[in-house]
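J.: Once you have looked at the hints, place chain B on chain A.
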Amino acid sequence: MTAQIALHELRVLLRSPFAWIAAGLLQLLFGWLFLSAVERYIQLQATAAQQVSNGGLSSYLIVNFLAPVSVVFMVATPLLCMQLVAGDKQANRYNLFLSLPLSAAQFVLGKFIGATLFQYAIVALSTVLVAILSFNVDLDITHLMTAALGLLLFISTVTALTLFYSSISSRPILAAFASFVTMALFWFAAATSADGFLKFASPSAHLHSFMQGLLDSRDIVYFVTITGILLTLGIWRFDAQRVRGETLQ
Amino acid sequence: MKNTNEVLGVMKTDEPELLTPGIPSAKKTSDKKPVAEKAGEMKTQVLPKTSTPIVGWTDDSSDWRAPPHASITAKAPAPKVLEAQNLDVFYGPNHILSGVSFNLYQGDTLGLLGLNGAGKSTLLKVLAGALAPHAGVVHIGENELYQNPISARMDIGYAPDKPAIYPEFRVIEFLKFIATMRRLPKAEMKNAIDDVIERCALTGVRRRIIGNLSTGFKQRVNLAQALIHSPRILILDEPATGLDPVQLIEMRELVSTLSADQATIFSSHDLHEVSSVCNRVLLINDGQSILDASLEQLSNANNVTIDLKLTNNADIDLANLPGVEAACRISAAHWLVTGNAMMKQHLETMLTVRGHTVISITETDNYLETVFRQLSTTHNNVKTDTSNTGIEL
Numbered sequence: 000m001t002a003q004i005a006l007h008e009l010r011v012l013l014r015s016p017f018a019w020i021a022a023g024l025l026q027l028l029f030g031w032l033f034l035s036a037v038e039r040y041i042q043l044q045a046t047a048a049q050q051v052s053n054g055g056l057s058s059y060l061i062v063n064f065l066a067p068v069s070v071v072f073m074v075a076t077p078l079l080c081m082q083l084v085a086g087d088k089q090a091n092r093y094n095l096f097l098s099l100p101l102s103a104a105q106f107v108l109g110k111f112i113g114a115t116l117f118q119y120a121i122v123a124l125s126t127v128l129v130a131i132l133s134f135n136v137d138l139d140i141t142h143l144m145t146a147a148l149g150l151l152l153f154i155s156t157v158t159a160l161t162l163f164y165s166s167i168s169s170r171p172i173l174a175a176f177a178s179f180v181t182m183a184l185f186w187f188a189a190a191t192s193a194d195g196f197l198k199f200a201s202p203s204a205h206l207h208s209f210m211q212g213l214l215d216s217r218d219i220v221y222f223v224t225i226t227g228i229l230l231t232l233g234i235w236r237f238d239a240q241r242v243r244g245e246t247l248q
Numbered sequence: 000m001k002n003t004n005e006v007l008g009v010m011k012t013d014e015p016e017l018l019t020p021g022i023p024s025a026k027k028t029s030d031k032k033p034v035a036e037k038a039g040e041m042k043t044q045v046l047p048k049t050s051t052p053i054v055g056w057t058d059d060s061s062d063w064r065a066p067p068h069a070s071i072t073a074k075a076p077a078p079k080v081l082e083a084q085n086l087d088v089f090y091g092p093n094h095i096l097s098g099v100s101f102n103l104y105q106g107d108t109l110g111l112l113g114l115n116g117a118g119k120s121t122l123l124k125v126l127a128g129a130l131a132p133h134a135g136v137v138h139i140g141e142n143e144l145y146q147n148p149i150s151a152r153m154d155i156g157y158a159p160d161k162p163a164i165y166p167e168f169r170v171i172e173f174l175k176f177i178a179t180m181r182r183l184p185k186a187e188m189k190n191a192i193d194d195v196i197e198r199c200a201l202t203g204v205r206r207r208i209i210g211n212l213s214t215g216f217k218q219r220v221n222l223a224q225a226l227i228h229s230p231r232i233l234i235l236d237e238p239a240t241g242l243d244p245v246q247l248i249e250m251r252e253l254v255s256t257l258s259a260d261q262a263t264i265f266s267s268h269d270l271h272e273v274s275s276v277c278n279r280v281l282l283i284n285d286g287q288s289i290l291d292a293s294l295e296q297l298s299n300a301n302n303v304t305i306d307l308k309l310t311n312n313a314d315i316d317l318a319n320l321p322g323v324e325a326a327c328r329i330s331a332a333h334w335l336v337t338g339n340a341m342m343k344q345h346l347e348t349m350l351t352v353r354g355h356t357v358i359s360i361t362e363t364d365n366y367l368e369t370v371f372r373q374l375s376t377t378h379n380n381v382k383t384d385t386s387n388t389g390i391e392l
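The listed protein sequences correspond, in order, to chains A and B. For the first sequence, numbering that gives the first Met the number 0 assigns the number 0 to the initial residue and increments by one for each residue that follows. For the second sequence, numbering that gives the first Met the number 0 assigns the number 0 to the initial residue and increments by one for each residue that follows.
Simulated from the structure, these hints should not be mistaken for lab results. Glycine included, each C-beta is placed from N, C-alpha and C at the ideal position. Treat the hints with care, since some could be wrong.
Just so you have them, the derived chain B footprint on chain A, three or more residues with Cβ under 8 Å [said to hold, decoys possible]:
no., region
1, 6 to 17
2, 98 to 105
3, 224 to 235
A short, non-exhaustive set of chain A residues, derived as facing chain B with CB atoms under 8 Å [unchecked claim]:
no., residue
4, Gln3
5, Asn94
6, Leu95
7, Gln240
8, Arg241
9, Val242
Simulated DEER-style distance windows between Cβ atoms [to be verified]:
no., chain 1, residue 1, chain 2, residue 2, range
10, A, Leu116, B, Gln84, 38 to 48 Å
11, B, Thr256, A, Leu116, 38 to 48 Å
12, B, Arg206, A, Val70, 20 to 30 Å
So here's chain A without its partners, still in its complex pose:
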């Protein structure tokens, strides 16, 4: 049942003009980021020919392409996922879902997986650019893969966060705004040097290790745990109405 809902959610996104427009714009943006990163690298190489190795290109791509992509997803994911549950409420489908013979976990996980896969597809398309480059340039694939893994985990967490906000709001735009503000707050916390709870809890701070090529199990556990907690909250919210009779006022 979870797979069916995920597949359905994927279909919903693929039928949505907004999702196509967003995906197209994202591809354009990622292409521009990639090309400008490569161009700047070539210029840099010309001025300091022997200082930068091919391994340096991988690092350069990560800093100037994948890291900005993660920031873009802080905005794109809330916009793509804001409709997940709040859209059902607006379109009067939510009560129908509540009355269906499916569990809250199936509903929430299905929505989450569908939306995440859609964004993974966008990321996969953008990595084609890197793959093409790798035919002619010796890239540090391990470093790039580690960074890409971090990006995928980061996207999952932002998706779960937006899904949760979407489940507690009946207005999609509110869910998107709340999700973006939360992520921006954590990103700001990670960008500042001060160590503290906000920095520890910030997905951006944990993504930083991946971007540096460090595959730290603590970071993986962090992303999995945070995503799990947010999905559990989403499940709790779905059950709030049909198990505990709580409704949004």
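T.: Same frame as chain A, now just chain B:
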């Protein structure tokens, strides 16, 4: 929120096994005339529900108390498919449903009536499993809805008031998705979809994008998704909303044909619609059930409705008088009473014997319409009268 004693309406009984609400009566085409009497400033009050059912009636036609449909009581009752007991729902501090109880039997088409904000949609959400009540239980067949949610929900088809659809999907794709969600086996899915498309007259639009369909077709799609798994209980929340007169007729015909082998709950605030489609009525006001009876009991086909005025504010339990099906106290000395023809002849005598002076006994039109009209008037009047008093309605 009014308390029970402030509201109105009394039903003679709710003993379904004896009264056979589960046995579908012939659908009655409404031939009601408008109520002539002005509602004026009447105030309705509730009588305590009598515990005395109409079991005293016999099939003996010589007994003047025998109801016209007494022979029906001899039939075996239809299986009970839904049982709601003492449902309470709060939205924050607001008491939306208060102690609502009723049963639904196979073959019933129950019209859920009430003014806007009476609690109809909330009750339907509770019955559909979309909103847990704060108190009370709902049994769907053998399963308690909130203890065995998956099994219970398998027997429910629910169509919300606004079509719950994906506008970007084709009709057939949407129905296929719902069939999957309803756990229909793959082998049966195609037949089920074809069948429901045919029943809901969607054949011509089966491959059309739902968002491009007319309101009437969207409502049909909404109905089709509720029917796709042949549920034992069909819950329709104002299915006629937004339909033009022709579509309205088609929808009524469709609902009428559906109810033969399943139980249907049908909410509306259109009396004509309910009387043309349903065989039972549940009237709720301010979250309380104030009337639960078959249309046969309430109709003037076999019964008469009496507008009764007494001289004093007598405390009298009219509902318990022989031959009375339903009694509703409009004001202190003003009643609407429905009963059989013999009741009309003997009513004045029975009241006189009990020491009451009758000012007028007038036969009037459709009981349900009259009650509904009084309810509406009272609701508005009370709202106006108490707007500055802080009285909670």
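J.: Each of the hints needs a verdict: does it hold here or not?
T.: Evaluated hints:
Coverage of a stretch by a chain is defined here by at least three residues with a beta carbon nearer than 8 Å to that chain's beta carbons; for the region 6 to 17 of chain A and chain B the count is 5, and the condition holds. Restraint check on the region 98 to 105 of chain A versus chain B: 5 residues with Cβ-Cβ distances below 8 Å, three needed, restraint holds. Given a C-beta distance limit of less than 8 Å, the hint that chain B covers the region 224 to 235 of chain A is violated, as 0 residues qualify and 3 are needed. For A/Gln3, the suggested interface contact is upheld, since its CB lies about 5 Å from the closest CB of chain B, less than 8 Å.
Look at A/Asn94: its Cβ gets to within about 4 Å of chain B, closer than 8 Å, so that hint holds up. Given the 8 Å rule on beta carbons, the hint for A/Leu95 holds: about 4 Å separates it from the nearest Cβ of chain B. With 8 Å as the threshold, the beta carbon of A/Gln240 comes within range of chain B, its nearest partner Cβ sitting at about 6 Å, so the hint holds. Hint status for A/Arg241 relative to chain B: holds, with the closest Cβ pair at about 6 Å, below 8 Å.
Given hint, A/Val242 at the interface with chain B, holds; its Cβ is 5 Å from that chain's nearest Cβ, closer than 8 Å. Distance hint check: the CB atoms of A/Leu116 and B/Gln84 are about 44 Å apart, consistent with the given range 38 to 48 Å. Distance hint for B/Thr256 and A/Leu116: a CB-CB separation of about 42 Å, consistent with the stated range 38 to 48 Å. Evaluation of the 20 to 30 Å hint for B/Arg206 and A/Val70 yields a failure: the beta carbon distance comes to about 43 Å.
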